[in-house]
Amino acid sequence: MAWDHEGYDSEPEPSDSLRTFGAVLQALREHAGLSREDFAVLVGFSKHTVASVELGRRMPDPDFVESAEAALGNTNALRSAMQYLNRQPGLARWFRRWAQYERCAISLYTYESRLVPGLLQTEAYARTLFGERVPPLADAQVEVQLAARQERQQLLRDRPNTSFSFIIEEHVFLRRTGGAEVTRELIDFILECTSARNIQLQIMPMATGVHAGLGGPIQLLETPANRWFGYCEGQRGGLFVSDPKEISTLHMRYAKLRTQALTPEDSVRLLKQLRGAL
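Residue numbering for the sequence shown follows my numbering, starting at 64 and increasing by one per position.
Please keep in mind that the hints were generated in silico from the structure rather than gathered at the bench.
Just so you know, not all the hints are guaranteed correct.
Computed Cβ-Cβ distance ranges for the label pairs, DEER-style [claimed, not checked]:
1) Y147 to D101: 23 to 31 Å
2) R238 to A288: 37 to 45 Å
3) E309 to R177: 30 to 38 Å
4) A340 to K110: 50 to 58 Å
Positions of the beta carbon are idealized from the N, C-alpha and C atoms, including for glycine.
Generate the whole structure from the sequences, applying the supplied hints.
Below, the structure written as structure tokens:
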């Protein structure tokens, strides 16, 4: 399917979802007459990984699920169950599928025109966004959302071999969400994050009146198997994009955006200028 729509649901997944998935995997493996050692060889993962998934201690990545399906007769049971998995409370249901691929991506591209992407948000900036959510969130819900966002940010620190590219509209910083101090801290954090060799930041200047991203935000990622997926999010849900033709269109738009945005060096200079004006 080219565009897989995920409905709105911001409630966290039950904490036993991983255990349920693991129990199904173990039952299928045992029904096939395979030991954990034999199954590990077939799927190309370690016995320890297999045990961790079966015991509900580890979120299976998409490659694991695909290999497991092939080894167990392609029943589609694991693929179907995987879409309901969520290790992180606070992740919206529509974002769940993308987040699973995001954790193992070798390339991750993000264009954002509304706000600073979640991977680059400070706690104060994110707290401001969650605090102004409509309908409002309870204090406990805000804390759950913050914890989930901070856990996602580990990607930037834990995956030094992943290529990250961010293109952000200049007006996102000019809005000064949360006030001058929050914006100042946010810019400092972004400059620190994007100083890493594998993380590139480009700013789309206000002076660029027309560009390839006017249709809205774009996210693209590449898996270790060199498959590309896309994700586009709106007010009440998200679209997971898997069709190669649609991915090609998003790639062309993102490539054009890279030529229309400021260079990484000029983007850093602009951010420092914006910080100095606060």
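Against the structure, the hints come out as follows:
Take Y147 and D101: their Cβ atoms lie about 27 Å apart, and the range 23 to 31 Å holds. A hinted range of 37 to 45 Å for the beta carbons of R238 and A288 is consistent with their spacing of about 39 Å. At roughly 21 Å, the beta-carbon separation of E309 and R177 lies outside the given 30 to 38 Å, and the hint is violated. Separated by about 57 Å at the C-beta atoms, A340 and K110 satisfy the suggested range of 50 to 58 Å.
In this structure, only the earlier hint numbered 3 is contradicted, and the remaining ones agree with it.
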